[in-house]
Every structure is written in C-alpha cells, then in structure tokens.
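A.B. asks: Residue strings, one per chain:
Protein chains: 2
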Amino acid sequence: MAKDQKKQPRPKAETPKGFRDYFGADVTERKTMLDRIAEVYHRHGFDPLETSAVETVEALGKFLPDVDRPNAGVFAWQEEAVPGGGSGDWLALRYDLTAPLARVAAQFRNDLPAPYRRYAMGPVWRNEKPGPGRFRQFYQCDADTVGSASVAADAEVCAMLADALEAVGIARGDYIVRINNRKVLNGVLEAAEVRADQAEDVLRQIDKFDKVGREGVLALLTVGRKDDSGAEIDGVGLSEAQAQPVLAFLTSKGATNGETLVNLREAVGASVIGLEGVDELAQISDMLAAMGVGEDRAIIDPSIVRGLGYYTGPVFEAELTFEILDEKGRKRQFGSVAGGGRYDGLVERFTGQKVPATGVSIGVDRLLAALRAKGLAGADTAGPVVVTVMDRDRMADYQAMASELRAAGVRAEVYLGNPKNFGNQLKYADKRGAPVAIIQGGDEAERGVVQVKDLILGAKIAAEASLDEWKAQPAQTEVARADLVAEVKRILG
Amino acid sequence: MAKDQKKQPRPKAETPKGFRDYFGADVTERKTMLDRIAEVYHRHGFDPLETSAVETVEALGKFLPDVDRPNAGVFAWQEEAVPGGGSGDWLALRYDLTAPLARVAAQFRNDLPAPYRRYAMGPVWRNEKPGPGRFRQFYQCDADTVGSASVAADAEVCAMLADALEAVGIARGDYIVRINNRKVLNGVLEAAEVRADQAEDVLRQIDKFDKVGREGVLALLTVGRKDDSGAEIDGVGLSEAQAQPVLAFLTSKGATNGETLVNLREAVGASVIGLEGVDELAQISDMLAAMGVGEDRAIIDPSIVRGLGYYTGPVFEAELTFEILDEKGRKRQFGSVAGGGRYDGLVERFTGQKVPATGVSIGVDRLLAALRAKGLAGADTAGPVVVTVMDRDRMADYQAMASELRAAGVRAEVYLGNPKNFGNQLKYADKRGAPVAIIQGGDEAERGVVQVKDLILGAKIAAEASLDEWKAQPAQTEVARADLVAEVKRILG
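The listed protein sequences correspond, in order, to chains A and B.
Take 892 as the starting number for the first sequence in our numbering and just add one per residue.
Take 892 as the starting number for the second sequence in our numbering and just add one per residue.
Since the hints were made in silico from the structure, they are not lab data.
Any given hint could turn out to be false.
A pair counts as met if it fits within one copy or between any two copies, since identical chains are not told apart.
[As the list claims (entries may be wrong)] Result set (DSBU-like, lysine-lysine): computed pairs, CA atoms no more than 30 angstroms apart in a straight line:
(1) K1245 x K1318
(2) K1265 x K922
(3) K1322 x K1245
(4) K1311 x K1351
(5) K908 x K1245
The whole structure should be built from the sequences, with the hints applied where relevant.
C.D. replies: Given below as structure tokens:
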C-alpha cells in the first residue's frame, strides 16, 4: 500500500509546447531539398560547417539586453560549478547560424582559409511565444563569405542563390533575386540633408513602403498619417523637398538595370557614399551578366528595403513570383523565401577587428512549403511493397521474398504484426502507402506460385469499376515464385 | 570616459567545454555515411523520424533518480511561467533517440502504422564530464521496430545492420554481427538454481567475461578473486556446480549455429524460458539464412553479454574484425560499432501498456573512425579549382571562368581576398586543397589564352624533380580561353 501511494502519475506523452516532430516525408522532402542546395553551394567552393548546438551565452551575446534575464529570446541554463566538471557558465541553444559563424571565424581565424566560404544547415531555437506555424525549433540554411570586401562576393552569393532555387525545382521565371544597396540609401539621405538623428526614423518608415506605397511613405516622412485604425502616426518631420530623393530612390527601378542605375545616380546627387553604392550595384550587374545570370533571374530593385537597417552594403532578397491561394482562397504571390546582404561587425565583438562578410539565409520551411504548393517536393516517399504473412511458420520464406525484392532495388518489408487477421494486413499495407502486396498461402506455396496484388490499380478499380469488373480481380495476378521480382517491377513501372 | 569605464570586456570566442565544431570533410564524410545507411533502412521499409531536440523532463523521465537535481545527466532548464507563454515546465535536451521514440510511439499510437519501423539520425546531448574523445553532443543513428513481438523483427534488424555496414564500405569478412538471447541466460540461471536476488550480481560478473576470461568469471561467480591492483573482489557465492551452466553458456559457441544451438540446449536443461530462447535463436538463424545472410556475416555467439542486463530477448552487437594500430602502436581489433536488442518497457511508462520493440544503434563516431582508418570515408572532399585574380578590374571575366567550370560540373571559385600579392593567392589555393589554379593576366587576356596550373602535379614535381625539370614547368599549361574547361577536365581526369 505504501508503495502504491508513492506511485507517480504517468508522464504525459507530449511534444513540448511550440516544438514539433517530423515524420517520413517531412524529413525526406526537406533533406532532398537541402541536399540539392548543398550541392550548389559545394560547387561554388563553399565548405560545410556544423557548429555545436550549444554556445556560451557570452559568445551569443546579442540577445542579452537585460542581464538579469539571460534567457530572454534564447533557451539558456547555468552549468553547475563543479571542480573538474561544469564551469558555472551560462549556456544556451543557438538562435541562428550567424552568431556561431562569428564565434568560429574569431576562434579559428588562424586556421581557416581567408576568405572563408561556408554553408550551414541545421536547427536553431527561439525562446518565443509559439503560434500557428511558428515553432520554437526550426531549420535555417545559410551561406556566407567571411573576409572579402569585394562586391564579387555579393554577386557570387546572388548568382548562387538563383542557382539554388533552380536546383530545388523552381523554374526560371518563377523567382527573382532583387538587389539593393544600403550605401545608395545613405547617399540619398545625405543628398536630402537628413540629420543623423533622423536616419533611423527614415529607415523605419521606408520599411513600410510595401504596405503603404509612395503616398503613405511621403506622409510618414513628413507630417505623419492616419493608419487603418484611425490612429495618428507621427511623421519624421522632413520637408517635402527632403522626402523627394528618398521617394525617388524607392521608385527608381527601371525596365533594365541600366535604367535603374541612371535613376539611382540622379537620386544620390553628389554624395560620395551614394555614388560608391551605385558603382557597386553596377559592378554586381556586370558580374551577374558575366556569370550568365540574366535580369530575369537577378535584378537591381531599390524598392527592396527589408534589412537595409541591418546591412551595410548590398542587400538581396529572393522572391517567388508565382501565385498560390492563401488560406482564404485568394490568389497571392508566394513572396520572399531568402534574404541576405553585407555586414561588417561579424567578428568585431570578439577581436575588435572589423571583418567584412556577406551572406544569404534561405527560409527552409517557406521554401519547402512553396515546393509542396507546386508539387515539386517529391522525395522518394513511396511506401514499401508489403509481403503479407499467411502462415506464421513460413516467416523465413516471406523474408526471402522481401530480400529478393530489396536486392533488385525495390523497397520491401514483411508484415510483422499479428498475422491472424488478414484484413488487418491489408489495412496496414494501405496505411503504409504500399503499391503492391505479396500473398502466398500454403496452397500457393505447394504450387510454387505467389499472388501479386496491385494496390494502386486495386484502389482505382474499387472506386470506379462495376461489380463484374471488380469480381474479375484484374489487380491481382498469380505468378510463378521465380517471377515474383519481375512481376513487381513490371507493376511499379 | 564614463562610457569607456562601462565598456564590457570582449567575449571569449570559444566552443563551450565538451562541445565541438565540425568543418568541411568532418561534415560531408559523416553525411555520406549516414546517407548510405539511411538508404539501406529505407529499402527495408523503415521511415525517418526527426523528433524535436527538446523534450519535457517529465517525458524523458529515466535520468531523474534525484528529483532535487532534475538536470543530472541531461541539460535541463525551467520555462518561465508566463500567462499565454512559457509553461513553467522543466525542459531538457534529449540524451538519446530511444526516449523520444517512446514518447512519439505513445503520443501518436493511433496514427502510426503498427508495427512501426522507424530510423532516426541526429545529435543527442549528455550533461557529463567531458574527456578526450568524449563530447557532450554527439550523433546517434538508430533503427527500431515498435509493436512486433516476432523474432522476425530481430532477424530483420540484424540482416539490415549487416547490409548497412557493407553499404558504407566495410567489406564482407571485416565485420560480424553477433547474436545472443537474454532468455537463454535466464534459462541457464534457472537451470543453475540461481536465486532471484543473485541474478543481477551474476549479470554484472559475466559482463567481465571479455576481460577476465573463463577462470576469472568462475572465481567471480563463486568465491571472488583479486583484481590487477590486488584488491579483493567479492564473489557472488554460487557453488562450482551452479557456476558450470553459466560458464557453459558463455563458452557454448560452436563452429556453426547448429553446433552452438546444440550446446545451448544442453546448457538450459529443462528450463522453459531457456528453451524458448534457444528456439528464438534457431528461428533467427533460419531467417538470416533465408535472407541470404550467411554465418560469415551474422552468427549466434553466447559470449556477447553486453546489454543482456537491459534487453529482454535477442541482443546483437556488430563488431569490426580487422586490425588497426592503437595509440601505442599495438595491433588490436577495431571492435564494436553497433548494438541493440529487444526491450518491452518502451511505451509502458506513458500508457501502462507493454509494447514489444527491437532495435539497433550504430555508434556514428566509431564507425566513421573505422572508415577513416580504412581509407573508406571518402566523400567528395576535393578542394575547388581556384581562379586567381591578376587584374581586379576584370573580376567579371574571372567569374565567367568559374561559372563555365561549374556549369561543366567542376567545383570552382574565384579568389575573393585582396589580389595584390599573387603568392597569397597560391597559398590560399594550397590551403583550400585546390587541384588546379587558373591564371590570366592582361597579356594572356589580350592573346585570348589562360594558364592552367596543375597543383597536384606541381607539388609532386616540387618534391621530386631536379632544378631543370622544375624550370620546364610541365605543371603549367597555356591553353586558348575557349579550351579552359576541357583542359581542367583533362587534368582532373
């Protein structure tokens, strides 16, 4: 009795809140996609890097505005301080793949090739409130070049991104890589005589260009506007004259890169940094052409402003341009699946040295969703041929059949549940998505034959055929045992 | 000044203690190996499962003997209890792939096929004291069949394990899968009239069979012995007569499974459970033969006692039998790279229902070390062709060359560092393991040619050739720009 009272309640079998498990095709489809991307990155000279999932909170840094709550945004814990064991350090799960790259680039700076091209693919963790489609563990897929100040590195990343999208199956014309440059915007701000203390506000407002359009941004940059709810949004306080170059920048995209560059040169006026930015875009445009990447695949587009606040030079974004139906059945463009740009502060936190870097991150779940929407995520997800068990004393015979099929390259398995109820075996084959079931009872064994049941044809007949057609059982064939493999291969085509 | 005084010291760029990063070939060689194993598992009808890295401590359970220290053995942290947000639950990183399988098998028992064959590959985390070659994050690679009581499932796992070892490159004859059965041991203990309270001690002692041999185990089972340091080790207190069947069991391996089975039948005497165990081994032997897995690949071996304390039926272990040199230069067999067996308690903690399961876990790092020792870990780890930069205004030309090479399937990149010092570019190519460097200065560009430098031949000549031979520069060829790709492909063979 005393023991019973102490008995613990059974634990709940639940994935922790905000986390999920991936089954079968979830795993293989993502893997197939990432393998194809890795193949492109590899061919471009990028090397894989797999850092530990755990970092010291000190090295991660960034997510720690509040030292009293070192786990805001990350999953963190303190090591026990044990002599010879735990260090008492705070450790945390990485929240992205860039912070670990920064740590590695600093830690191994004497061993790594310079410049260092690396790609990384793997889970990251965010200690955030989960929501629909918003998980606390998800995949990232990054490629970065560390230690090159040349815009050739940026052009290469853009070309590689376009190649990667095609490698996973996105057709040319169904995507576009858009390229902008923070330096051009800086030049525009200079030309418009925007004060340094206004620059951040300007960036925040032009970030809304997508949503509120030209007139909306004009209002936001000057006197303010009412939003949809009727609330007054303060303006930045620029004059109309100051706002004009900013708007000119945002709307400077021409029909070709050549036209866009002319417009941009006008928008930056005499600003040295602005002209440097335009020259960089011109170089990137030339390089892309040299690499055989036409403007139908990657194009200069100053309306891309996402990330301009973070990046220091070229920025890029890959967008899928085909339409899908949203949850309300409305057509909309699929939208952004990757973004990146040039940043300088990567290693500086650790070494004090500015190291130029540029890179791109593909939104793994979004891209996979796009492939599924287009029916392009097809990894080999076909179920196995199921060898049913009519006579449990002849398991070895059934296993021999499955082995022969596998030796011929056919995915195959023997039913391993309780064989008593044959209906359960066919239900199992159905649940497994089996294309074919093999049946051999004692009678068939004596006659040296097997029944080969085409489950796909069978399902079709069950759905469409008349009773007579169904009775004729064209989906089930008796063949000699020696012809088993050939017959299955015939059915699988 | 005030600002300077507040300045934080720079963070240390260090992988946390006990963790490591994987670079380049570390990643691709492991990936290639796991891909080949996954292909074998897939062909056998196993589906991939990727559970979240994070579990509730409640679901992980097992590692919590001490409720005051819920993080003993695992990395654990408590969620903040926030309305609508964190649950206040203790979360932890998974310490293996079996505990998450148990949780999934219970949570999704109505959705998963039954039996459920799944494989899983991924990192696990242990909050243990790190040591040489002993990390706190490492890979596991498991395959399990949940919900089948049939020894056909065990036989299948053994056959699949043998196939997997060959798929990664281990030659037939260089490995052996050894199979034993806990039930046979139970029968032997019954036959020897070992008391229930002695059974665990007996298991602990026979676990030392590998080290101390027949006479050592005899002493340990009876009156005890002195270990190498001279310390007295207590014996279990069996009589010599009781110890005999146990020793007979351990040494019952014959030249063939047939002989071994005869010996085992003798060792278990009239024990019902023992005879059941011997029958199971006989069935497994027959099934392996039917699957074309000969006794040169998988064999019954009662001397395999590792895991007999944990498993409830068949146990298996894969051993690599070729010799390597250990750290002291002595020849020794490589040893165990995988192990598994049948266990019943998997889902019981959650549902109260016993669900039979069997599976195998491959030691990823050990198997990879074995492949490297045999020169079999060869993923495509060749460095890229490096296109050097003689004239930084012609970056687009160099990028066009790299693009053409890539389009022809050749891994290639443009040097992206500061091109001023050409020696640095060749040093870079060397560090990258580049097989070929491409050189085109202004003069060559005008003449429409490029220099193609065979770096592998070059290194060989530098090491072996006379001065005259070296001056002849046979490792560097001038070709027409249009022949660049063909010449590189010729060199790469």
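A.B. asks: Which of the numbered hints above does this structure break?
C.D. replies: none
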